[in-house]
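These protein sequence lines are chains A and B, in that order. Residue numbering for the first sequence is 1 to 349, as defined by our numbering. Residue numbering for the second sequence is 1 to 349, as defined by our numbering.
It is worth saying that the hints were derived from the structure and are not from the lab. Among these hints, one or two may not hold up.
If several chains are the same, the list does not tell them apart, and a pair holds so long as it fits within one copy or across any two.
[Stated by the list, open to error] The calculated lysine-lysine pairs, modelled on BS3-like cross-linking and capped at a C-alpha distance of 27 Å, are: (1) K136 - K245; (2) K114 - K136; (3) K234 - K329; (4) K120 - K230; (5) K237 - K265; (6) K159 - K329; (7) K237 - K329; (8) K245 - K230; (9) K230 - K136; (10) K120 - K237; (11) K329 - K265; (12) K329 - K230; (13) K265 - K234; (14) K245 - K114; (15) K343 - K120; (16) K265 - K159; (17) K159 - K171.
Being a predicted model, the structure only gives us computed values, none of them experimental.
Single-letter residue listing:
Protein chains: 2
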Amino acid sequence: MKRTLSFPRVSRRALLSTAAVQPSLPGLIAATAADAQAPAGVLTSWNDGPAKQAILDFVHATIDQASPSYVPADDRVATFDQDGTLWVEHPIYTQAMFALDRVRVLAPAHPGWKNDEPFKTVLSGDFADVGHFTEKDWTEIIGATHAGMTTDEFLDIAKQWLETAKHPRFKRLYTELVYQPMFEVLDYLRASDFDTYIVTGGGQEFVRVYSQRVYGIPPEQVVGSSIVTKYEMKDGKPVLMRLPKVFFVDDHDGKAIGINLFIGKRPHAAFGNSDGDREMLEWTAAGNGARLKMLHHDDAEREYAYGPAGDLPDTKVGTFSVSLMEEAKARDWTVISMKNDWKRIFSFE
Amino acid sequence: MKRTLSFPRVSRRALLSTAAVQPSLPGLIAATAADAQAPAGVLTSWNDGPAKQAILDFVHATIDQASPSYVPADDRVATFDQDGTLWVEHPIYTQAMFALDRVRVLAPAHPGWKNDEPFKTVLSGDFADVGHFTEKDWTEIIGATHAGMTTDEFLDIAKQWLETAKHPRFKRLYTELVYQPMFEVLDYLRASDFDTYIVTGGGQEFVRVYSQRVYGIPPEQVVGSSIVTKYEMKDGKPVLMRLPKVFFVDDHDGKAIGINLFIGKRPHAAFGNSDGDREMLEWTAAGNGARLKMLHHDDAEREYAYGPAGDLPDTKVGTFSVSLMEEAKARDWTVISMKNDWKRIFSFE
Chain A
1 MKRTLSFPRV SRRALLSTAA VQPSLPGLIA ATAADAQAPA GVLTSWNDGP
51 AKQAILDFVH ATIDQASPSY VPADDRVATF DQDGTLWVEH PIYTQAMFAL
101 DRVRVLAPAH PGWKNDEPFK TVLSGDFADV GHFTEKDWTE IIGATHAGMT
151 TDEFLDIAKQ WLETAKHPRF KRLYTELVYQ PMFEVLDYLR ASDFDTYIVT
201 GGGQEFVRVY SQRVYGIPPE QVVGSSIVTK YEMKDGKPVL MRLPKVFFVD
251 DHDGKAIGIN LFIGKRPHAA FGNSDGDREM LEWTAAGNGA RLKMLHHDDA
301 EREYAYGPAG DLPDTKVGTF SVSLMEEAKA RDWTVISMKN DWKRIFSFE
Chain B
1 MKRTLSFPRV SRRALLSTAA VQPSLPGLIA ATAADAQAPA GVLTSWNDGP
51 AKQAILDFVH ATIDQASPSY VPADDRVATF DQDGTLWVEH PIYTQAMFAL
101 DRVRVLAPAH PGWKNDEPFK TVLSGDFADV GHFTEKDWTE IIGATHAGMT
151 TDEFLDIAKQ WLETAKHPRF KRLYTELVYQ PMFEVLDYLR ASDFDTYIVT
201 GGGQEFVRVY SQRVYGIPPE QVVGSSIVTK YEMKDGKPVL MRLPKVFFVD
251 DHDGKAIGIN LFIGKRPHAA FGNSDGDREM LEWTAAGNGA RLKMLHHDDA
301 EREYAYGPAG DLPDTKVGTF SVSLMEEAKA RDWTVISMKN DWKRIFSFE
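Isolated chain A (complex conformation):
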């Protein structure tokens, strides 16, 4: 069973993102080995090969004071796309699933939705048609489900949903569907004094609900898309109201812009899986010294295969175009094969 649902065509410009409960690797040893061997307990879910070696070589080159590519600890920044890079994005971004569920919850208070698109389609439960939604449709859905409340109220709603909603294929909480090998990369980099940032096309506020718990990444290290908020007094206390208006789209060129805006440092390592990550990878690659640029995907058996290696023509989630693969090859970016480089995909396997 490759796909249980014939899904989306979700535009990132409209859709503002996505989550996994992960055990922390105990006793991670900071990598100070004299050669680029994996220290004990590091990257244990990775098969030996060029991808794993690229990570080991990069860390070794940047933390070894004798290396020409040595990077002072204060400048060590690594950025990670989320959807499809840190966790599953098929058959639809988790945050889109959240939005669709919210439409159903809110429907009784909006009787008109039964006749109005795109809500009518959502309420019909015909997910095949959701795949044809336009950017405008998604903007309406996001406006109806992600705005009109305070930031605190939104955080509560998202948190409750994430504690109960399950993935249609894996029948697990979305927050369990983090890629274990990527979790090990996060841990390894942090043990090597890197700050690990999520740089996602998804909604910054949504991801911040679980980023600390799931990835060990605090709110201030989540850069994402956002809507406009408005400062208001409510019962004598200030609140931030979420308005149905896009503020910043952290995708494609927005990822390079967002990195400069929120971090103000150029990453030394960046991980992505789709065309939306191209500019982040280019921006990272354009710095001097050792730079690690990685992309992945291709395991239809254990997860999904799409992009150049894929067989999911109906979906627009995480588009990985042939041109991006060509750029990766031309610029010598490392491409991770989930199928060949990863011993396991999830921690529960």
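With chain A held as given, fit chain B onto it using these hints.
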């Protein structure tokens, strides 16, 4: 000599910001005292009094695990306005001075400026008239001096200026005009595991040029106003071009919005000195547990006095209205008297 120049009327909505070489306090001892006494070497430029005591009590209450107001280290956030709070903002914001100097440098390439306002006034050297500039005037000046170049080019220009330009009254580099007592607060809070953020109405990119060197605050902990940037390829390498268009104004309500957007945590302590800081202080105060909210200004002798305690009616820099002072009293925010609470203003005294 109170003022050497009869200056500005600088609008923050138009002006995007500002900079001090500070020695680091050696051997700061993390405060773990059983009572709220100053640990050795802490807040040495502060006179004993309610302001100093408020800081000591706050830190004690938040870091002591036995305290009902204990805050886990990961949640310890303190935010600081910059202009007038961490360094001198009179007779005009440092960044405004930078912008005016840039107009003079760029003038030969813009012969029309000799006849066009607001450039004509800037080039005339009549600073009294600069005080009458409107928001539109400042937007034009910022557009002409802060945009039309890459982010890297801007950083270089700002860095060079800061290394040479001197304050008209103090005849020192702007980066030397940091308030020593506030530097001690930053250091004390960091020694107590607080993350110390600058939250400025000034330009984020400008402040990031020197924030690490001057305040020990890294770029990612500077939240400020920004203009739109555009991702472009230049000679095969990606650059971010600065466009003459405001993206985000981190002042007044923008400070609460910016804190949520960039940090995603509510501060436990906030320091400001003007009406532009009101919402940041309110937002901080609205959280549960111990919250420290501080405002200051009133030393005409050693620095400047303005606001309710002041005598600078011609300036709009750092407006500290009577209503803000009333709110501070009503809400029990601590008001620092530079005159009475600080033994010295600058490190070079």
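These are the hints, each one checked on the structure:
In this assembly of identical chains, K136 and K245 lie within 27 Å of each other by CA distance both inside one copy and across copies; the values are 12 Å within and 26 Å between. In this assembly of identical chains, K114 and K136 lie within 27 Å of each other by CA distance solely inside one copy; the values are 18 Å within and 48 Å between copies. For the identical chains of this complex, K234 and K329 are inter-copy neighbours only, at 21 Å across copies versus 55 Å inside a copy, given an alpha-carbon limit of 27 Å. In this assembly of identical chains, the alpha carbons of K120 and K230 never lie at most 27 Å apart, being 30 Å within a copy and 38 Å across copies at closest.
Within a single copy, K237 and K265 get their C-alpha atoms only as close as 36 Å, which misses the 27 Å cut-off; across copies the closest is 17 Å, which meets it. In this homomeric assembly, K159 and K329 never come within 27 Å of each other (Cα to Cα): the closest approach is 40 Å inside a single copy and 37 Å across copies. Taking the closest pair of Cα atoms, K237 and K329 come within 27 Å of each other only across two copies (17 Å); inside a single copy the shortest separation is 54 Å, beyond that limit. Taking identical chains as interchangeable, the C-alpha atoms of K245 and K230 lie at most 27 Å apart whether they share a chain (11 Å) or sit on different chains (21 Å).
In the homo-oligomer, the alpha carbons of K230 and K136 lie at most 27 Å apart both inside one protomer (23 Å) and across protomers (24 Å), since each shortest distance falls under that limit. In this assembly of identical chains, the alpha carbons of K120 and K237 never lie at most 27 Å apart, being 37 Å within a copy and 46 Å across copies at closest. Only within a single protomer do K329 and K265 lie at most 27 Å apart by alpha-carbon distance; the minimum there is 26 Å, versus 40 Å between protomers. When the C-alpha separation of K329 and K230 is checked against a cutoff of 27 Å, the pair qualifies only between copies, where the shortest distance is 26 Å, while the shortest distance within a copy is 45 Å.
For a Cα distance limit of 27 Å, the shortest separation of K265 from K234 across copies, 19 Å, qualifies, whereas the shortest one inside one copy, 37 Å, does not. Within a single copy, K245 and K114 get their C-alpha atoms as close as 24 Å, which meets the 27 Å cut-off; across copies the closest is 42 Å, which misses it. In this assembly of identical chains, K343 and K120 lie within 27 Å of each other by CA distance neither inside one copy nor across copies; the values are 43 Å within and 69 Å between. Within a single copy, K265 and K159 get their C-alpha atoms only as close as 31 Å, which misses the 27 Å cut-off; across copies the closest is 16 Å, which meets it.
In this assembly of identical chains, the alpha carbons of K159 and K171 lie at most 27 Å apart only when taken from the same copy (18 Å versus 55 Å across copies).
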